[in-house]
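Undergrad: Using the sequences and the accompanying hints, generate a full structural model.
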Amino acid sequence: MRLLGATRHASRPTVIKRHSVFTRLWHWINVICLAILLMSGLQIFNAHPALYWGQDSSFDAPALSIGAMRTDDGALRGITRIGDLRFDTTGVLGVSGPRADRERRAFPAWATLPGPRWLAMGRQWHFLAGWIFAPLLVAYLIYLVASGQLRRRLLPRCDEWSRLGHVVVEHLRLRFPRGEEARHYNLLQKLAYLLVLFGLAPLVVLTGLTMSPTMDAAWPWLLDVFGGRQSARTLHFLAAAALLAFFVVHLLLVLVSGVGNNLRSMITGRYALPPDHALPKKKETRDDASH
Amino acid sequence: MTHPTDPGRRRFLTRGLLAGGTLMLTGCDRLSRSDAMQPLFAASEGLTQRAHRLLASREALAREYGPEDIAPTFRANGTTMPREVDYLRLAAGDFRDWRLEVDGLVEQPQAFSLADLRAMPARTQITRHDCVEGWSCIGEWTGVVLGELLARVGVRDEAHFVVFHCADRYGGGERYYESLDLREALHPQTLLAYGLNGGDLPIANGAPLRLRAERQLGYKMAKYVMRLELVASFAHLGRGRGGYWEDRGYRWWAGI
Numbered sequence: 001m002r003l004l005g006a007t008r009h010a011s012r013p014t015v016i017k018r019h020s021v022f023t024r025l026w027h028w029i030n031v032i033c034l035a036i037l038l039m040s041g042l043q044i045f046n047a048h049p050a051l052y053w054g055q056d057s058s059f060d061a062p063a064l065s066i067g068a069m070r071t072d073d074g075a076l077r078g079i080t081r082i083g084d085l086r087f088d089t090t091g092v093l094g095v096s097g098p099r100a101d102r103e104r105r106a107f108p109a110w111a112t113l114p115g116p117r118w119l120a121m122g123r124q125w126h127f128l129a130g131w132i133f134a135p136l137l138v139a140y141l142i143y144l145v146a147s148g149q150l151r152r153r154l155l156p157r158c159d160e161w162s163r164l165g166h167v168v169v170e171h172l173r174l175r176f177p178r179g180e181e182a183r184h185y186n187l188l189q190k191l192a193y194l195l196v197l198f199g200l201a202p203l204v205v206l207t208g209l210t211m212s213p214t215m216d217a218a219w220p221w222l223l224d225v226f227g228g229r230q231s232a233r234t235l236h237f238l239a240a241a242a243l244l245a246f247f248v249v250h251l252l253l254v255l256v257s258g259v260g261n262n263l264r265s266m267i268t269g270r271y272a273l274p275p276d277h278a279l280p281k282k283k284e285t286r287d288d289a290s291h
Numbered sequence: 001m002t003h004p005t006d007p008g009r010r011r012f013l014t015r016g017l018l019a020g021g022t023l024m025l026t027g028c029d030r031l032s033r034s035d036a037m038q039p040l041f042a043a044s045e046g047l048t049q050r051a052h053r054l055l056a057s058r059e060a061l062a063r064e065y066g067p068e069d070i071a072p073t074f075r076a077n078g079t080t081m082p083r084e085v086d087y088l089r090l091a092a093g094d095f096r097d098w099r100l101e102v103d104g105l106v107e108q109p110q111a112f113s114l115a116d117l118r119a120m121p122a123r124t125q126i127t128r129h130d131c132v133e134g135w136s137c138i139g140e141w142t143g144v145v146l147g148e149l150l151a152r153v154g155v156r157d158e159a160h161f162v163v164f165h166c167a168d169r170y171g172g173g174e175r176y177y178e179s180l181d182l183r184e185a186l187h188p189q190t191l192l193a194y195g196l197n198g199g200d201l202p203i204a205n206g207a208p209l210r211l212r213a214e215r216q217l218g219y220k221m222a223k224y225v226m227r228l229e230l231v232a233s234f235a236h237l238g239r240g241r242g243g244y245w246e247d248r249g250y251r252w253w254a255g256i
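Chains as they are written, first to last, in our numbering: chain U, 1 to 291; chain B, 1 to 256.
Warning: the hint list may mix true and false statements.
To be clear about the criterion: a stretch of chain U counts as covered by chain B if any three or more of its residues have a C-beta under 8 Å from a C-beta of chain B, and this derived list gives those stretches [as the list claims (entries may be wrong)]:
#1 47-55
#2 118-128
#3 134-148
#4 203-213
#5 216-224
#6 229-243
These are computed hints drawn from the structure, not numbers from a lab.
We treat Cβ as the ideally placed atom computed from N, Cα and C, and that holds for glycine.
TA: Next up, the structure:
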């Protein structure tokens, strides 16, 4: 460690091998699969744009619904309801499309796959991408555990937790670890990746399976775990939304923390440790964390 | 050496990603309209069907619910009032003249009246109906187990599918029909239902007889059933894909 640390002062940054070829391949296949799954999923949602809790659909009291109504002057308004709350979402949700040719549809054409209303085709894309995404997810999780990477790279060490506050504050200031500190994932990265890999991704797959009547016959416990098919559908939607939120934050952080370097690490595997010019003393950072 | 966060490069990469994404999605729409993806979609359907058959045994039952779970009104979808003259005449006579024809690859083609069907051993089950659109509704169905009826007519070895011919033309178009393979047709919960929630099956829900295939989606569960035909292949029916909605792009395997 000390020897490597000496390279901080050299003009050329230390380059490390960050991602294995499996990780990199998996990552880019996921980019395509998740884009298709999300957009075809919105196409499928549009066929019945309401969410419920429980075994079946309480049509009078959806947890969320996206609809359209005509006002007295004949204009179409998109209305999104969450519980008892009501929002006018004209232009995006409920009613969208060019102003002269408004269309009643929950999610707009630019967000769905295919663009036009076409449930049968949306389903085909969804299941095809699902058949690539889910088996690869299982394979990747096994690989993480079996190769020891889970323990080495993702599970937080006990001594890391005391720095949680510090890491959060540094992220909010868009100040990212440099030098040797950047050699390993920081606590927030570890937690985010663990949540996505072992929480959201399995959740989205299992709730997806729960919507299949044949799977419910094969694995009836799915219905008990998720509280019914309609609950599973709602959780599937929420998990997908959470994955989208992860993607947005992930993309932003990739952009602001050295986009070229980050992209290269996911393409060739090589990652240059950002030069450590500030050189904050360990003691100070510990003081920070206690605030 | 350029710094990794060089703004020019960042802009280039961002634009590249956006352009790539747009291209991919326009491409997906174009692919949807071509036949290029069909082999892959068919392969994905085949995988789903094989996986389902591997995981769900012949006997694996769909969840049955309690009376307290029954929905206040069972949602009617698709055709809710057939306009065909023949059907309306039968309905006007309370379906006394209605007969279920069973023919095709069977030992003894037969016709059954509603009274005949009601006289056969009945099964009542409270199950969840899952529509391909995404909603679910729970109802109590009473009917004759399809396997019992098929045993009475004797299914010949060459038969692979049961085709359900219906009275209604959905949206005034072609006649509705559906098909199940024998494994699904002989499932203990697969019924020809004549009762819903303790009463006669209402016209909106498919009177006098509809199919319940509880491990499949709603579009499989043909309403207004007039005739069962046992076939080796459904290639000669409709557009050859095994059902009204299958002919319109939905997959034949409706377990998901």
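Undergrad: Run every hint past the structure and note whether it holds.
TA: Here is what the structure says about each hint:
| no. | hint | verdict |
| --- | --- | --- |
| 1 | 47-55 | holds (count 5) |
| 2 | 118-128 | holds (count 9) |
| 3 | 134-148 | violated (count 0) |
| 4 | 203-213 | holds (count 3) |
| 5 | 216-224 | holds (count 6) |
| 6 | 229-243 | holds (count 3) |
Of the hints listed earlier, the one the structure fails to meet is number 3.
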